[in-house]
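Starting from the known structure of chain F, fit chains U and S onto it as the hints suggest.
Residue numbers (the numbering used here), protein chains in the order written: chain F, 1 to 242; chain U, 1001 to 1323; chain S, 2001 to 2290.
Note that these hints are calculated values from the structure, not bench results. Think of the CB as a built atom: it goes at the ideal place given N, C-alpha and C, for glycine as much as any other residue. One or more hints might be untrue.
Unchecked claim - Listed below are several chain S residues computed to face chain U (Cβ distance under 7 angstroms; list not exhaustive): (1) V2037; (2) H2095; (3) S2096; (4) M2099; (5) L2100; (6) I2106; (7) V2107; (8) G2135; (9) F2228; (10) P2262; (11) S2266; (12) M2267; (13) L2273; (14) L2277; (15) L2278.
What the hints assert, rightly or not - Heads up, simulated DSSO-like pairs for lysine-lysine below, C-alpha to C-alpha not over 27 angstroms straight-line: (16) K2265(S) with K1131(U); (17) K89(F) with K2265(S); (18) K2141(S) with K2265(S).
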Amino acid sequence: MSPLLEVATVSKSFRGLKAVTEASFDVAKGDIVGLIGPNGAGKTTIFNLVAGVFAPDHGQVRFAGRRIDGLRPDQVCAAGIGRTFQIVKPFAGLSVLDNVTVGALQRAQGVSAAKRHAAEIVERLGLGAKRELPASSLTLPDRKRLEVARALATRPQLLLLDEVMAGLTPTECDQMVGVFRELNRAEGLTILLIEHVMRAVMALARHIVVLNHGEVISRGAPEEVVRDPAVLECYLGEEAEV
Amino acid sequence: MNLRIAGLLALLAAALVALPLVASPYVLSVATLILYFAYAGQAWNVMMGFAGQLSLGHSLYVGLAGYASAGLFFHYGIGPWAGLWLAIALCTAAGAAIGFLAFRFGISGVYFALLTIAFAEFTRIGFDHIKWLGGPGGLFIKVSQRETWDLANLRGTPEMFYYVMLALAAGAFVLCWLLLRSRAGYYWQAIRENEEAAQALGINTFRWKMLAVVVSAAMTSLAGVFFAFYYNNLFPEQVFHISRSIEIILGPIIGGIGTLFGPILGAAVLTVLADGITELLAALGLEIPGVKQVFYGLVLLVVVMFLPNGIWPTLARRLGLSK
Amino acid sequence: MPWDLVLNVAIAGILTGLVYGLMALGLSVIFGVVRVVNFAHGEMMTIAMYAAVVLFAAFRLDPFLAVLPVAVAFFAFGYLLQAGLINPFITRPEHSQFMLLVAVAIVLVNGLLLAFGPDARNVLVDYQLESYAVGRILFDKARVFAAAMAVATSAALFAFFRFTRTGKAIRACADNYLGAKVVGLNVKRYYALTFGLGSACVAVAGCMMILLVDVTPSLGPAYTLLAFVIVIVGGLGSMGGALLGGVLIGLSEALAGVFIEPSAKSMFSFALLILVLLFRPQGLLGRKVS
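Just chain F, same shape as in the assembly (with noise of 0.2 angstroms):
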């Protein structure tokens, strides 16, 4: 069966500095891929590729099949991929239903269904109590699922998430990761995360792509990836050992 989601040989400058170079990787349907990598390495970079915030200069993308490189980021969103900010972005002068309702319009047949939908998916990560609010009296965990549940509500088929686990205690993490791993099973949902947090990373991931200078230098397994030296000499330098 053909990937989801096709990165193929994607190379991206930016005034001369290139960001990345000649990257490929794919993400199978239903599939938790995790993107890992140094700051710097270009992770954010290949999210905003695929998400249609800019084309790539080489390579292409391709979902379902479908080229999508060039895109909008709203045809992009449209054609089944959601994504989260790195840094948040809420819309905060709307409740949290009101925000997540925009997410839902994109696929319901009006705004009443939209409210609906979009009431179940707040419920689900644990913000009913807060419907109401104003998004920006929420505390930063809060936001970050609320960044969540907007993306969710657009039914996407591949969700990017942009290192949501930052900032949220082990507790908070872990049930990030619980709502993850039961949208996964539950509805097939295809999950591709940057996370710095490698907690969530290992307990989510079932396949890890690893990026240095804009380069992969790294695919496979958890456990394979981590005693992988190209991988540990990135992170640690040259002298570590396992």
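What follows is chains U and S alone, placed relative to chain F:
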């Protein structure tokens, strides 16, 4: 909408409908003015309050609509109910042009505001050269009578104009209420709050911003038609002037951008206070032109500094009304 | 059209444009550093013109001499305006800041109307009627002096930003607000200083302008728009751009007035603004703002 608000609204509606029966001609004219600014403010609010695009050139639409309908009436005797279709078409086109140019080229914020000002100013000077519409000397419509209601030609008593404006203002209120609850309302507010996040949720921000601009322009055009037939004279220097644009936005800003009641409240507070000051000064034997404008400026200053979201949100909280 | 007429008009336009440039320079400095859209800029220019009128009427003070007290007064006014009114607004949304200055502008322009009435006022000094002649080309003395003053003031400002410590600190604040704070610069004070300097520029420009045109309160909004057109055409944050923009606008206004029609002057400027906003928003000499 909760019961308290609905009740208050019903009361307000009843009071407004009954007003001409008890009001003096002066009060009636002030009330008409308040409704005019409430309407125009509501129209502007769609662009700014809902979609977050600051327009400081709305006088463009008032002027275009006014001249279009007045021109047709003056030269061909075509009544305002037919003329308003041309007005709406022109304003929609103008709004679409400005929106397209701005959004295609990624102009926003201050630059967008300046663009709107530039278009209005450009048109102001341009119309000075249109002889067919009277040029700088102005375009005058004949006031055939003020006794009976001639709705077809909008010639008639002050009461008639009052009710026409009341209908428009009420209509705008209902329209904005419906818009806010619709997909458009959600999408516009999302764009206003964070355009990037809105895009990531599947919203074609260009298309929806265009819609906000076009709806706002089309709504404002009706104010222009009313303006022409109420005042019966149009001068490019006056009608397109930036002061007209600023007058339109004062209501919503003072009352509360993005709210339904903001424009109405702001228009009412501003007009009543301003006229109050003029009356007070007159009673003291002083007649100072320009004091009204200074007053507007000071009120705007105070509101912007201390009540950045306008009067309505604070008032609503105090009165225990939600949203 | 006789070439010497065109040349005379063009030169007059360029010289006037230099004074426009100084006014716009004030705005560029303010907008470039403090990032506040000074919607009251034109009104401030108009007040400066009236100040020169009043000083002339009361003390027969030549505008060139009036420059000093007016500039000092404006510096203080600008400093206080920024420190007292605008600084608290830095973190507010853009349209709030904008509205604040719109409010100030409304109060100022109508205050002027109340104080001076709508009639035009001016100063009358001898050299306004004299000119230098080079062949068939005439240089109005007043225009030449005013332009020279504009250039001198601009050069002084440029030197200040380039060579003094305070000037460099201000540039640092403009380039990177957070970074400047991190290295311990009292950014708010520098903002106030900058607004003061920008206002002083306007003061000088106003004193010079009154030698060239009569003043009415309605000039306020017109000059605000003109200043923005110039700054945007010339390029935000570029001091040379402000002067270049001013010269271009002055020249095009003068030529449009001669070839098309006097009232078409401003139309041309607005058309230029629209074109620049669409196709080269960073202006001719400006840097691209992210």
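Supplied contact hint for M2099(S), tested at 7 angstroms Cβ to chain U: 5 angstroms, holds
Restraint satisfaction for G2135(S) [CB to CB of chain U, less than 7 angstroms]: 36 angstroms, violated
Double-check L2273(S) for me: the hint is only fine if its C-beta lies closer than 7 angstroms to a C-beta in chain U. 5 angstroms, holds
Holds or violated: V2107(S) as interface residue toward chain U, Cβ cutoff 7 angstroms? 4 angstroms, holds
Hint check: is the beta carbon of S2266(S) less than 7 angstroms from a beta carbon of chain U? At 6 angstroms from the nearest chain U Cβ, S2266(S) passes the 7 angstroms test, so the hint holds.
Quick check on the hint: M2267(S) CB to chain U CB, less than 7 angstroms? 5 angstroms, holds
When the least beta-carbon distance from S2096(S) to chain U is tested against 7 angstroms, hint result: 6 angstroms, holds
Do the numbers back the hint for L2278(S), that is, is its least Cβ distance to chain U under 7 angstroms? L2278(S) check passes; min Cβ-Cβ to chain U is 5 angstroms, inside 7 angstroms.
Can the hint on F2228(S) be confirmed by a CB-to-CB distance to chain U that is less than 7 angstroms? 6 angstroms, holds
Does K89(F) pair with K2265(S) here, judged by a C-alpha cut-off of 27 angstroms? 45 angstroms, violated
Taking 7 angstroms as the limit, does the beta-carbon of P2262(S) come near enough to a beta-carbon in chain U? Where the cut-off is 7 angstroms and the nearest Cβ of chain U is about 11 angstroms from P2262(S), the hint is violated.
Do the numbers back the hint for L2100(S), that is, is its least Cβ distance to chain U under 7 angstroms? Check passed: Cβ of L2100(S) comes within 5 angstroms of chain U, closer than 7 angstroms.
In the structure shown, a violation is registered for the earlier hints numbered 8, 10 and 17, in ascending order.
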